[in-house]
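Peer 1: Given the coordinates of chain A, work out where chain B should sit on it, guided by the hints.
Protein chains in written order, with our numbering: chain A, 1 to 207; chain B, 208 to 617.
Please keep in mind that the hints were generated in silico from the structure rather than gathered at the bench.
Quantities reported herein were computed from a predicted structural model and do not represent experimental measurements.
Glycine included, C-beta positions come from ideal geometry on N, C-alpha and C.
Treat each hint with caution, since some may be false.
Unchecked claim - If you want the ones that stay clear, here's a sample from chain A, every Cβ over 12 Å from chain B, calculated:
| # | residue |
| --- | --- |
| 1 | 62 |
| 2 | 101 |
| 3 | 115 |
What the hints assert, rightly or not - From the structure, some residues in chain A lie toward chain B, with a derived Cβ separation under 10 Å:
| # | residue |
| --- | --- |
| 4 | 8 |
| 5 | 12 |
| 6 | 54 |
| 7 | 57 |
| 8 | 66 |
| 9 | 67 |
For reference, the chains in residue letters:
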Amino acid sequence: MQTLIFAIYALVACSAAIAVVVSQNVVRMAFWLIIALGSVAGLFFLLNADFVGATQLLIYVGGTVVLLIFGVMLTASGPMLTIKSAPGEVVLGGLAGLAVLGMLVYATLGVDWSANRAKLASKQSVAETQSFRSPEEGQSVRKLGSALLGVRFDKDLNTDRKSLSTGYLLPFEIISVHLLVVLVGASYLARTKRRRAGMVAAETAAG
Amino acid sequence: MTPQLAARTLEEYLSRWDKLGPTGAMIVAAIVHTTLVGLFFGLPAFAFIWAERKVSGRIQDRLGPTRTGGRFGWLQSLADGIKLVSKEDLVPKAADAMLFRVAPYIVVVAAFAAFMVIPFSDGWTSQALEVGLFLGLAILSLEVLGIIFAGYSSGSKWSLFGGMREAAQMVSYEVPLGITAVIPAIAAGSLNLNEIANMQSGWFWNWFFFHDPFTCIAFLVFFTVTLASNKRAPFDLAEAESELVGGFHTEYSGMRWSFFFLAEYAAMFFVSMLGILLFMGGWWTGIAPIDQAVADTLGGYPLRVLGFLVLMVKSGILVTVQIWVRWTLPRLRIDQVMTTCLKYLVPISCFLFLGATIWPFALLKLTGQPSLLPTEPIGARVARSADPLGTSPQPPRRSPVRASAQEGGE
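Isolated chain A (complex conformation) (with noise of 0.2 Å):
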């Protein structure tokens, strides 16, 4: 029953990722791509990564596609905004998916599946949390949130020292400020720009 679930989402996935590539009107690609990521989201959900399936859902789905639609209704210049592609370019981005596909199906057939399977299975973990539903069954936030602040339910991170280690919290605000003055200074780019052109039409219409 998993099986075909998965199946389905996996069908379902792979083909509205075709659509993207194959269709050549801007937003329909965007429409696609809303299913692939969404997709994407139910195989999280399906393999007990629930917290990763919302981050997809919030940040590709509903941040990274709307900024994407938002682009492009600000820059199109035509109702309609279509892409055709030269022959030569087809080739050259067949060339480079292929690529990219044998690299991960090497990867992926690299891996040593029932090894892993076993070694998953013998790890004890520190603490259980309390849920409605076993903890095997997904449940990954709490543990998530504890790795950032330095606990870690699956082993000690710091058994000689008394103190307890700093966790994943620090890099991530680093990126996040990072982030954050990133988006600052592309904002105040844009605006001084805007001003200065604004300012070359008043004196040509000045002159």
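Peer 2: For chain B alone, coordinates are given in the frame of chain A:
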């Protein structure tokens, strides 16, 4: 010994039935959950469209619907529905037909799927996820995509303007919405909506609205932001009929048009329930002896039915306030909408966020007690949040909880 619930989940209960087997139990449970959530998508919309007509009528010194279905015109929504189904489904020539047809379904799916994570009473939820709050907000943010597609694909300038405004408005109002929704999650130390609501059991001063002054203001900001993210007046710029004819739904007719409205009313109900669960005690009456008496005399199941009714009444009141605000306040201009969000609501919610984080420590340092009101300490509430009144059945297939399982939240 009071009667106990038979099982923790429907699937578990059904799988005891030999003829079904585990797969059959899963399928039947999924169908039942989907049907119930589907009813939640449809029935509140049915009721609130009628309420909207009636309340707006009264506010404007009219009667509203009076004839359909007897005394108060309570069948008016059904009559509207029949009219809309029988209308012709038009697609303009200039439209991108595929996207035009598909856009209402995206909106409906987003509004419908958001109910998946809502607990309707203690443990009555179709997906008891620890990321419940996060996932609910994520799904709700998908609704904007359908609106943008509708605006873009209509091939009409009015619709395009509506879609643009909607995109700008929704993307910016998501920021204060996320921050204010996180504030009670900080107080509770959990993203699980069921746990957050259970921590507010007992007297009403245990509700997070009364937790500290910051959560109190956060609720008001949350309510304002949900008005905007549902494109309700005074923020209904996407469909401002005096400027944009009908905004993003100018070109829609019949059933596809009504899908947008069903989704809007369902989303109104969803955010109201979310606000009640986060700030206003969820399904608890707020008067501790009532809950305790029901739990002691009648048992777990009637307690949950009572909680369900309480949650419905509270959310209904909040939806009524939304309707009331819509018919009282004039519409803002689009630049005023953006200013309200980016220059006022975002800084206010950031300040509230910081304040709600610092408040417990500062109060503990200054006065030596964690709260100004006679609330129970959060730690005591966390300890019983899984099962506040002792009416849940025991988890059947779980290794006994070890002493180290307590994570020391506070």
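Peer 1: So, residue 8 (chain A) near chain B? Judge it on the closest CB pair being under 10 Å.
Peer 2: violated (14 Å)
Peer 1: Does residue 12 (chain A) pass the interface check with chain B, least Cβ-Cβ distance below 10 Å?
Peer 2: violated (14 Å)
Peer 1: Double-check residue 54 (chain A) for me: the hint is only fine if its C-beta lies closer than 10 Å to a C-beta in chain B.
Peer 2: holds (4 Å)
Peer 1: Close enough to count: is the Cβ of residue 67 (chain A) nearer than 10 Å to one in chain B?
Peer 2: holds (8 Å)
Peer 1: Double-check residue 66 (chain A) for me: the hint is only fine if its C-beta lies closer than 10 Å to a C-beta in chain B.
Peer 2: holds (6 Å)
Peer 1: For the hint on residue 57 (chain A), just tell me whether its beta-carbon gets within less than 10 Å of chain B.
Peer 2: holds (4 Å)
Peer 1: Mind verifying the non-interface call on residue 115 (chain A)? Its CB should be farther than 12 Å from each CB in chain B.
Peer 2: Nearest chain B Cβ is 25 Å from residue 115 (chain A), so the label holds.
Peer 1: Taking 12 Å as the cut and beta carbons as the points, is residue 101 (chain A) off the interface with chain B?
Peer 2: Non-interface label stands for residue 101 (chain A): nearest chain B Cβ at 28 Å, farther than 12 Å.
Peer 1: Hey, does residue 62 (chain A) actually stay past 12 Å from chain B on C-beta?
Peer 2: violated (4 Å)
Hint violations for this structure: numbers 1, 4 and 5, all remaining hints satisfied.
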